[in-house]
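So the protein sequences, as listed, match chains C and V.
With the first letter of the first sequence counted as 1, position 99 gets the number 99 in full-length UniProt numbering; the numbers rise by one all the way through.
With the first letter of the second sequence counted as 1, position 118 gets the number 118 in full-length UniProt numbering; the numbers rise by one all the way through.
It is possible that some hints are incorrect.
[Said to hold, decoys possible] According to the in silico footprint, chain C covers these stretches of chain V (three or more CB under 8 Å from chain C):
no.	segment
1	35-49
2	155-163
[As the list claims (entries may be wrong)] In silico DSSO-like links for lysine-lysine, alpha-carbon gap of 30 Å or less:
no.	chain 1	residue 1	chain 2	residue 2
3	V	124	V	172
4	C	196	C	26
5	V	172	V	47
6	C	124	V	196
7	C	196	V	58
8	V	193	C	172
9	V	26	C	193
10	C	172	V	90
11	V	2	V	26
12	V	193	V	2
13	V	59	V	48
14	C	37	C	47
15	V	172	C	196
16	V	26	V	48
17	C	124	C	26
Honestly, the hints are just simulated from the structure, not real lab data.
Note that beta-carbon positions come from the ideal geometry of N, C-alpha and C, so glycine has one too.
There are 2 protein chains.
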Amino acid sequence: MKNIAVFASGGGTDFQSVIDANEREKFCVIKYLIASKEGIGAIERAKKAGIPAAVFAKKDYSSLEELYDSLSALLEGAEVDYIVLAGWLKIIPPSFIARFRDRIINIHPSLIPAFCGAGYYGLKVHEAALSYGVKVSGATVHFVEAEVDGGAIVMQRAVPVLDGDTPELLQKRVLETEHEMLPLCVQLLCEGKIEKEGRQVRIRA
Amino acid sequence: MKNIAVFASGGGTDFQSVIDANEREKFCVIKYLIASKEGIGAIERAKKAGIPAAVFAKKDYSSLEELYDSLSALLEGAEVDYIVLAGWLKIIPPSFIARFRDRIINIHPSLIPAFCGAGYYGLKVHEAALSYGVKVSGATVHFVEAEVDGGAIVMQRAVPVLDGDTPELLQKRVLETEHEMLPLCVQLLCEGKIEKEGRQVRIRA
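Whole structure, please, built from the sequences with the hints as guidance.
Structure below.
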């Protein structure tokens, strides 16, 4: 059974979707919730599910590198195989990404390459999509590379934009899809069914 | 009944989809097929459907502006209400776009803003999408502005990318969707059901 750690910076509904699916399907051990600060909803969800939560807040470290070095040591000590970014807003240094190459996935609330990259997170993504006037948005699970939202795409699903949508309404609709996709991708990853070659990702049946 | 002109540079399958839908639903008069050169498939399709075809080839004019001035005169003389770009590869000068403001629509074989803009046409769009590794592509009907593929979006539909896709296979799948969307958008436009405000487009029921 593969070990994972989930990184979250907010309420943790994407994290919860992985907890719930794993309780049903038992495809991994969630070794840690890594939180970017105290007091976020994701920590409460970890506690309820009996998952250890560790806080790695910028203010506790002299540099981002030091924070991620310490975090790497924790994850490697716990033999974590995969890292799942589920709303992680902290910048990740290339050294950390290199250390866990092809073992970090992220979920992004748009159809990459639309509305992604630096500055596109949370509601800002949906604000940008509505302001552009797209009729189809969606969600993307991708491997994490040094370029923000630039890694190989594992899975994408389209979500319609409807008349009268606000960023909040569109976010809610996209989140429903995220909560299906993310646990599915984590399961496929843990079951060794995701094959990556450069930017091309295939899912084995 | 509104008058339209369809502009095409190639085989004209998008053009054909408008001809076929209009034969069933009679939502417009197709006054002209405008072809960017002699000998393209779209001209044959126009002849078969009894639609006048006019060729506006660069080589016959001293400048692009002169070509489009002459084309404007033709279209205005024929009281053309809307222009439908159905695979039109010639650059359109801002003066022409201004003259027919909010009366030109284009179909593009991706989910704009992904894989669009200068250089993205025909198979190149699908090559770029496959090379990037997206799992969802699609098609977009949009109003034409001076910025290539930059106008307000009328309609978008998602099309899945499948394992083993080549640019040709993906193009074929997207074309099937284009042939549904384009006639529908032309019909909605001619029936006055498309409302545009800045970048926001709504379709009235």
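Hint by hint, here is what the structure shows:
{"no.": "1", "hint": "35-49", "result": "violated (count 0)"}
{"no.": "2", "hint": "155-163", "result": "holds (count 5)"}
{"no.": "3", "hint": "V/124 - V/172", "result": "holds, 13 Å"}
{"no.": "4", "hint": "C/196 - C/26", "result": "holds, 24 Å"}
{"no.": "5", "hint": "V/172 - V/47", "result": "holds, 25 Å"}
{"no.": "6", "hint": "C/124 - V/196", "result": "holds, 23 Å"}
{"no.": "7", "hint": "C/196 - V/58", "result": "violated, 46 Å"}
{"no.": "8", "hint": "V/193 - C/172", "result": "holds, 29 Å"}
{"no.": "9", "hint": "V/26 - C/193", "result": "violated, 51 Å"}
{"no.": "10", "hint": "C/172 - V/90", "result": "violated, 41 Å"}
{"no.": "11", "hint": "V/2 - V/26", "result": "holds, 10 Å"}
{"no.": "12", "hint": "V/193 - V/2", "result": "holds, 13 Å"}
{"no.": "13", "hint": "V/59 - V/48", "result": "holds, 26 Å"}
{"no.": "14", "hint": "C/37 - C/47", "result": "holds, 15 Å"}
{"no.": "15", "hint": "V/172 - C/196", "result": "holds, 26 Å"}
{"no.": "16", "hint": "V/26 - V/48", "result": "holds, 17 Å"}
{"no.": "17", "hint": "C/124 - C/26", "result": "violated, 34 Å"}
Of the numbered hints listed earlier, those contradicted by the structure are 1, 7, 9, 10 and 17.
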